[in-house]
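Peer 1: Each chain, letter by letter, is given below.
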Amino acid sequence: MTSARLSTLATLRDRIERIGAQGDALRPRRVSLGHAEADAALQGGLAVGAVHEVFAEAGRQSAAATGFVAGLAGRIAPRRPLLWIRQDFCEREAGALSMSGLAELGLDPRCLVTVCTADVEATLRASADALACDALGAVVLEVWGETQKLDLVASRKLTLAAQASGVTALLLRIAATPNPSTAETRWIVRAAHSPPSASWAAWGTPLFDAELVRNRHGLSGRWIMEWKCDERLFTEPAADSQPLAATSAHRPHQARTKLRSAG
Amino acid sequence: MDARVKPGHDESLVRQDNTDLPSIVVIKENNALKIHSLDEAAARYGLTIGLPLANARAICPHLEVFDADEALDAKKLSDIADWCDRFTPLVALDPPQGLFLDITGCAHLFGGEAAMLHLVSDLLTAQGFAVSAAIAANPVCARTLNRHVHGRIVGDGEEADAVGPLPVAALGAGEAVTAGLRRAGLKTIGDVAARGRHEITARFGSAFTTLLAQALGQGDYPISPRKPLPDYITEKRFAEPVSTEAAIMTALSRLAAMLVTALGRQGKGARRLEASFFRTDGAVRTLTVDTGQPVTKAEVIDRLLRERLDALADPLDPGFGFDLIRLAASRSEIVVQEQRDLDAHVHDNDELAGLIDRLSARLGTRRVLVHLPQDTHIPERAVLPQPAQQHLAAAMTAPWPERAEGEPPLRPLRLFERPEEIQVIAQVPDGPPARFVWRRATHMVVHAEGPERIAMEWWRAGGGALTRDYFRVEDEAGLRFWVYRDGLYEREIEQQDGKPVHWFMHGLFA
Chain A
54 MTSARLSTLA TLRDRIERIG AQGDALRPRR VSLGHAEADA ALQGGLAVGA
104 VHEVFAEAGR QSAAATGFVA GLAGRIAPRR PLLWIRQDFC EREAGALSMS
154 GLAELGLDPR CLVTVCTADV EATLRASADA LACDALGAVV LEVWGETQKL
204 DLVASRKLTL AAQASGVTAL LLRIAATPNP STAETRWIVR AAHSPPSASW
254 AAWGTPLFDA ELVRNRHGLS GRWIMEWKCD ERLFTEPAAD SQPLAATSAH
304 RPHQARTKLR SAG
Chain B
28 MDARVKPGHD ESLVRQDNTD LPSIVVIKEN NALKIHSLDE AAARYGLTIG
78 LPLANARAIC PHLEVFDADE ALDAKKLSDI ADWCDRFTPL VALDPPQGLF
128 LDITGCAHLF GGEAAMLHLV SDLLTAQGFA VSAAIAANPV CARTLNRHVH
178 GRIVGDGEEA DAVGPLPVAA LGAGEAVTAG LRRAGLKTIG DVAARGRHEI
228 TARFGSAFTT LLAQALGQGD YPISPRKPLP DYITEKRFAE PVSTEAAIMT
278 ALSRLAAMLV TALGRQGKGA RRLEASFFRT DGAVRTLTVD TGQPVTKAEV
328 IDRLLRERLD ALADPLDPGF GFDLIRLAAS RSEIVVQEQR DLDAHVHDND
378 ELAGLIDRLS ARLGTRRVLV HLPQDTHIPE RAVLPQPAQQ HLAAAMTAPW
428 PERAEGEPPL RPLRLFERPE EIQVIAQVPD GPPARFVWRR ATHMVVHAEG
478 PERIAMEWWR AGGGALTRDY FRVEDEAGLR FWVYRDGLYE REIEQQDGKP
528 VHWFMHGLFA
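Quick note, the sequences are listed as chains A and B, same order.
Taken in order, the first sequence gives residues 54 to 316; the numbers are from this note's numbering.
Taken in order, the second sequence gives residues 28 to 537; the numbers are from this note's numbering.
Excised from the complex, chain A in its bound form (with noise of 0.2 angstroms):
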């Protein structure tokens, strides 16, 4: 056969899957994340060909949304080509991504395509072409700060364009609150304390207070995660970590906040 002609095949095989996917829109592909109460909340995982946010609130945070959004790429499409579209600030006031740090998480970093824009604007128009492109496994936009472009008519462009390729899109916001948009999940992380542990024990895998705030088919909810590196998921931090008496630094977050069910 001509290489047209199988191009052309290849194409309709996905068309014809996506419009089969499309049948039942109300229920996305979805991606468990691998913690058991996360997961309840959110119906099975995170959904797929949809928009995410991840706030960080304060510029500190921003190592701890990183990882975050890191693992939730890893989770949603380990072997497919990622691209991470970054704003140049970015780089200078929170250091740029490391490769090296990403293969320590367990992710791989030959799929990776990275995209250095210098302004939301562009960072924008990259995304467009990107989720345009069902080659992609994901795509994280990195924007620093409050900006008015990312507004809900962005949003909606965003979630069209992940909707129609199935490509997710992990939008991560350093040092910025949430505003309204149409993502199907929202999330605030922040660093969360290792458990005290002997001194020559091995410490340092990744913890985060992770807050989903909203939820657009689910309940929202606040729990520690940790990333476990070798397995490549987010699983409830070990059992024995908090010990009975602990210092006021190291005394647990409290009793996952009310249950309530997003709009």
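Hints were generated in silico from the structure; no laboratory data involved.
A virtual CB, placed ideally from N, CA and C, is assigned to each residue, including glycine.
Please note that a few of the clues may not be correct.
Rough simulated footprint, nothing fancy, chain A against chain B, three-plus residues with beta-carbon under 8 angstroms [stated by the list, open to error]:
hint, stretch
1, 87 to 93
2, 294 to 305
From the derived model, a few chain B residues whose C-beta atoms are all more than 12 angstroms from chain A [as the list claims (entries may be wrong)]:
hint, residue
3, N82
4, T115
5, V176
6, R179
7, D258
8, T323
9, N376
10, D377
11, E378
12, A380
13, R393
14, H398
15, R441
16, P446
Could you slot chain B onto chain A? The hints should help.
Peer 2: Just chain B, lined up with the frame of chain A:
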């Protein structure tokens, strides 16, 4: 074809010619101002090139004198060469005032050699330059003819006859040789040619003999064109110059279709595209687009050019309109027809390459990067970012070091390009930090691990950099940092000297 242009004659001078005031351009030579070039009115007064200015003023009291600006002249010549690109892609500079145009195979497009010569001369004269041109099979022969008279066309084999009657000054061999020839009684080139070759070489050198042979059409003088010849060229001339964006884009689309057909006939795809826009007033603007994989579809070329045009910092200024638009594939490659299985996998790679091409065309190749591992343990150099267009395949198969099982991450997720200095209280000599101040905030350390000692590469030149002791620390808020101390206490830093110890913040962990 050889064209001599006399720069220094711009519009202002042309206007002043109407008042019939002679004008000259002077240049400083050996601490004296001498005439560099002059116009017909000045020539009629008997002034010659090389005459000192004082003599010139004595001969002719009313003179317009301009200072020579050689840099500007060179730039002007370069601009004219750009303009001559519309006739042939092979244009070479012959400084200070000449251009060589290789019109092999182009003359028929303009109605023949004579018509082309008149066209070029007329167009250049209309722009305000004084031009003389000649066509011959050999560039040196053309140049020799041109020095004497304008508008000669000499065919193959007739060079000796055409060049024979010309005076020896037309050869352009230099003052000393020309004077020597005249003193020897050789007034015309025919006289010199009639002499034995060895006599001429013995008296005037072999360089002159080579020049003579080339002028007579016997040797070959390859010109070095300014730009390499592209593989495929398509162009469109407009009788009515276009300046609207819609018309330009339509023309580019049609040219892209023609280019793709021409490439397809030989099974090739374009890797580098150049779109040149020629304005009616002579300015030329060229845009270049690179692609990662050979392009065989007209829509893709169209899209890439559109991205590049949109992303121009300095938008395309049509002026009074473009009268020629050219699209060339300056680099092309044979498209390998792979035996593809029905898997969508290969289709995906092409899609990704296409996306990278589009983003690179819009943002620039240095903003779309892949990362390759390097064989070094220095953290900031362990990963090398490279443009994704050329290195995608290498990045997909690069060998990354395996992480140690069961260990927490040993390298931070975010790495500062330039480590920031922090103030630390730590136990000497090898203790981890107990408290540190970073960006004017104090952090109390709760957990610490280290030191991980990384020595700089002493085998490289200038390897006097200090060894670093890295510590993974966590503060009371749960944030995890990667800090290092620059230098070892016993061996590298002498505290008694009063030199302070420097600690730096290098990265942040998730």
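Peer 1: Run every hint past the structure and note whether it holds.
Peer 2: So, going through the hints one by one against the coordinates:
no., hint, verdict
1, 87 to 93, "violated (count 0)"
2, 294 to 305, "violated (count 0)"
3, N82, "holds (61 angstroms)"
4, T115, "holds (37 angstroms)"
5, V176, "holds (58 angstroms)"
6, R179, "holds (55 angstroms)"
7, D258, "holds (22 angstroms)"
8, T323, "violated (10 angstroms)"
9, N376, "violated (7 angstroms)"
10, D377, "violated (8 angstroms)"
11, E378, "violated (4 angstroms)"
12, A380, "violated (9 angstroms)"
13, R393, "violated (8 angstroms)"
14, H398, "violated (5 angstroms)"
15, R441, "violated (4 angstroms)"
16, P446, "violated (10 angstroms)"
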